[in-house]
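Trainee: So the protein sequences, as listed, match chains S and P.
Each step along the first sequence adds one to the number in this note's numbering, with nothing skipped, and position 139 is 139.
Each step along the second sequence adds one to the number in this note's numbering, with nothing skipped, and position 332 is 332.
Quick caveat, the hints were computed from the structure, so don't treat them as lab data.
Each hint should be verified, as a subset may be incorrect.
Identical copies look the same in the list; a pair holds intra-copy or inter-copy alike.
[Stated by the list, open to error] Straight-line Cα separation of at most 30 Å, DSBU-like style, residue types lysine-lysine; simulated pairs:
| id | residue 1 | residue 2 |
| --- | --- | --- |
| 1 | K265 | K155 |
| 2 | K340 | K138 |
| 3 | K267 | K155 |
| 4 | K90 | K340 |
| 5 | K155 | K90 |
| 6 | K138 | K106 |
| 7 | K290 | K267 |
| 8 | K339 | K88 |
| 9 | K350 | K4 |
| 10 | K138 | K155 |
| 11 | K88 | K33 |
| 12 | K57 | K378 |
| 13 | K339 | K106 |
| 14 | K385 | K352 |
| 15 | K257 | K155 |
| 16 | K90 | K320 |
| 17 | K79 | K33 |
| 18 | K106 | K378 |
2 protein chains.
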Amino acid sequence: MKNKRILSDDTPNHVGSEVLISGWVRARRDHGKLIFLDVRDRTGLLQVVVNPAVSEKSHSTASTLRSEDVISVIGNINKRPDKLINTKMKSGSVELEATEIIVEQKAETLPFDMGVESLHLELPTLLDYRSLTIRHPKIAAIFTLQAEIVDAFRKIAEELGSTEVFVPTIVASSTEGGADVFSIDYYSHKAYLAQSPQLYKQMLVPMFERVHTIAHAYRAEPSVTTRHLSEVTQIDMELGFMEFDELLDTLEHVGTKMLQIASEKHKDILEMYGVSAPLIPAHIPRLTLKETQDIITKRTGRDLSKEQDLNPEDEIEICKWAKEEHASDFVTITHFPLKKKPFYTHVDPKNKELSLSYDLLFRGREVLSGSQRVNDYKELVNAIKSRGMNVSNFGMYLQAFQYGMPKEGGFSFGLERLTMQLLELGNIREAAVYPRDMERVDERFSKKEIKKKS
Amino acid sequence: MKNKRILSDDTPNHVGSEVLISGWVRARRDHGKLIFLDVRDRTGLLQVVVNPAVSEKSHSTASTLRSEDVISVIGNINKRPDKLINTKMKSGSVELEATEIIVEQKAETLPFDMGVESLHLELPTLLDYRSLTIRHPKIAAIFTLQAEIVDAFRKIAEELGSTEVFVPTIVASSTEGGADVFSIDYYSHKAYLAQSPQLYKQMLVPMFERVHTIAHAYRAEPSVTTRHLSEVTQIDMELGFMEFDELLDTLEHVGTKMLQIASEKHKDILEMYGVSAPLIPAHIPRLTLKETQDIITKRTGRDLSKEQDLNPEDEIEICKWAKEEHASDFVTITHFPLKKKPFYTHVDPKNKELSLSYDLLFRGREVLSGSQRVNDYKELVNAIKSRGMNVSNFGMYLQAFQYGMPKEGGFSFGLERLTMQLLELGNIREAAVYPRDMERVDERFSKKEIKKKS
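Assemble the whole structure, with the sequences as input and the hints as a guide.
Mentor: Below is the structure:
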């Protein structure tokens, strides 16, 4: 082939020239003698017009094309008449007049129409056909935005002097206590999948003071909700020589800035989903759990005096308050009861029942949690014992504290949660390319069982 | 505290001022009445001088300080006399004269001297005390360089128009065949840890054409070598609409460029390890496996005509050749036997026994492998069947090919391997913060057994 492939968004720079483009057929429209093809590549869509008067053979090939066929097209780039310019497409000022069409790979008949603007599928169908549905531009956009959130996070972390680390996910014991842990056959031993990179990021504070990691975390929660997955991507950061107030400033800076950067860079994706950019006031409202509960009681009349945490409807209510009273899509909640928090959480020196912990809520849901940590070796040993856990399971972790650990703390964002909340998706499964839950690893277990039986 | 902490590398900008610094005691030297402290923070070392004539109390505190104690020091930044300037330290033109020392956290007595320039420890000791040894500047430097390699990779991937993706590690079946897979109790089902992100990165080609991911990969290899780990970090990339020659150009570009960027940015670390920057000629020598074997036979007299792959000594030999003949630390080997490669590897159209596969060798060891892939659905189904694997285990993977997959291929670097080879470390375990192998998950299993019994 004499031509080198160009991308669809580059076509307006080639008006009057012969080019080669490649991609997937997104839609075919037959208009009398003309056939129009929308061809998708990684930069967007391009309209191809196939005129039998230009190439009889191309027209005959085009008439057999179906959605998702992979094709290459050679032809001339023509300017579109002004009234036919499509400002929604990067290539919308031009079209490609085909002189040759090469079918690279045929697609089977699709189970549903992929050419529509939005796929209105039930979630199980969306996921049963995941390797197909992720091709839809509106679905792919979720993951473009997700990549951008992570990229923005890393840039902010670098500005803060943090170093990226790569921590293991196979661990010797349940890191945070609790039963919701997956076990592995590890040679002749038992090992576990990390519930979070928590302990490792703390252990690495003495190496770099400030560390961050994009990590997999595993939760064997035996429940199906719209906001939990069995395998999640966590955005984690831990900072040494930092205390509670500065930790709060830092998490709010990181959390708001990364969503702001991603939103500004991808206004088109927010528009596609009909959502606005996050509301970020100069100061994020910051409340203790007690203050939060009082506000909710005042607004709703619900008695929360016995509650140790916020439930989903409380999170929604306090976010409504933050938006109404502070024009903020974010609210920080602090000072959760110590006994509800993991062993490494620092006690509130002003109230032994409470902890120096925090959650960040965004648009009605928790997207971050964290705390100042216990950094004294003996206190940490006592904290482990007081939870009924075995100190000997924490040997390598405790070693980091035996040899001098500064005051430190950190926080952890759920990447799928952040993505879900930013685009206001209905279910967290939409924000993972291949979500894991108790009913599904790619294919539904129930479906596989049926397959096996038949 | 009235002062805000400054970092050690910033102290030369504060000559004549009172400052607060915080960090770990790296060494204490008593010189008559004066005590000198080397204090380490995330930017480097600072010399603190404690003079009883300036502060009796500080001197008394300093006399009790031990390695790895966490301290804050208030004092004045003084210029050092010209002849005492230490050009090896960023703060080497100044010292801090202490007026107040606050002990933030005491360290226990160290099991070995951490103040030396290099830790000459046996590997088991280095790893048994991993949460301590990673603090040593020369060990920490390994991971500074590692973070830089990944950062450079991402920048290059972005330039290539690739999108970062986050793929699951819990999988429904063994992805590459073979027995070396860890199994998980997944609710009431059996699941596995991914041996690589291979299948998922292929499945995401129709979403973004070009994707990359930094992924965990798990290999239950029941052997202990200096170059294998049970959990590794993979740098993976997959590119649609790309064929063999362009894939080779791309992997060589990515592989050499990322090591070049990391080496240039961290000349100090290469110097610390006494290694030179990678030798990168304009054209990386590119050989088929057959050509490679012929060269080795000619050089060594060893008969390799029955061999299907290179063994470690072959890798070393061909790299010697590349260095001598092409002034290259890299050599690309292509066309491995098809039956030795995973099912998704594309056959060589010129020789049905061979495949369109490649390895990149760097300084005597394979650091990358990859191939052009089978992109035709029916061929792929046949390839799976011909390996005796169950097609029904690949439902979601095959779906990506049912609905139109372009010609594509990719490659995968082992991050720990790259780091090891760049710094010429003796064992891959040195290039993972907390390495996993069959004998160890943080603590050695044998040690844990002894603990349990006692």
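Trainee: Can you give me the call for K339 and K106, within, between, both or neither, at a CA distance of at most 30 Å?
Mentor: between (59 Å within a copy, 27 Å between copies)
Trainee: Measure nothing new, just compare the shortest in-copy and cross-copy C-alpha distances for K90 and K320 to 30 Å and report within, between, both or neither.
Mentor: neither (38 Å within a copy, 50 Å between copies)
Trainee: Given identical chains, is K290 near K267, meaning Cα to Cα at most 30 Å, within a copy, between copies, both, or neither?
Mentor: Classified as neither: same-chain Cα gap 37 Å, cross-chain 53 Å, threshold 30 Å.
Trainee: Within a copy, between copies, both or neither: which one fits K88 and K33 at a CA-CA cutoff of 30 Å?
Mentor: within (26 Å within a copy, 77 Å between copies)
Trainee: Should K138 paired with K106 be assigned to within, between, both, or neither, using CA atoms and 30 Å as the limit?
Mentor: within (23 Å within a copy, 55 Å between copies)
Trainee: How would you label the pair K138, K155 (within, between, both, or neither) given a Cα cut-off of 30 Å?
Mentor: both (26 Å within a copy, 26 Å between copies)
Trainee: 30 Å Cα cut-off: does K79 pair with K33 within a copy, between copies, both or neither?
Mentor: within (20 Å within a copy, 85 Å between copies)
Trainee: What label fits K265 with K155 when the C-alpha limit is 30 Å: within, between, both, or neither?
Mentor: both (14 Å within a copy, 17 Å between copies)
Trainee: At most 30 Å between alpha carbons: which applies to K106 and K378, within, between, both or neither?
Mentor: between (66 Å within a copy, 11 Å between copies)
Trainee: Give the relationship of K155 and K90 under a CA distance limit of 30 Å: within one copy only, between copies only, both, or neither.
Mentor: Answer is both; intra-copy 28 Å and inter-copy 24 Å each pass.
Trainee: Is it within, between, both or neither when you check K257 against K155 at 30 Å Cα-Cα?
Mentor: For K257 and K155, both the intra-copy (10 Å) and inter-copy (21 Å) Cα distances are at most 30 Å.
Trainee: Between K90 and K340, at a C-alpha cutoff of 30 Å, which is it: within one copy, between copies, both, or neither?
Mentor: Neither: 51 Å inside a copy, 45 Å across copies.
The structure fails hints 2, 4, 7, 8, 16 (numbered hints given earlier, in ascending order).
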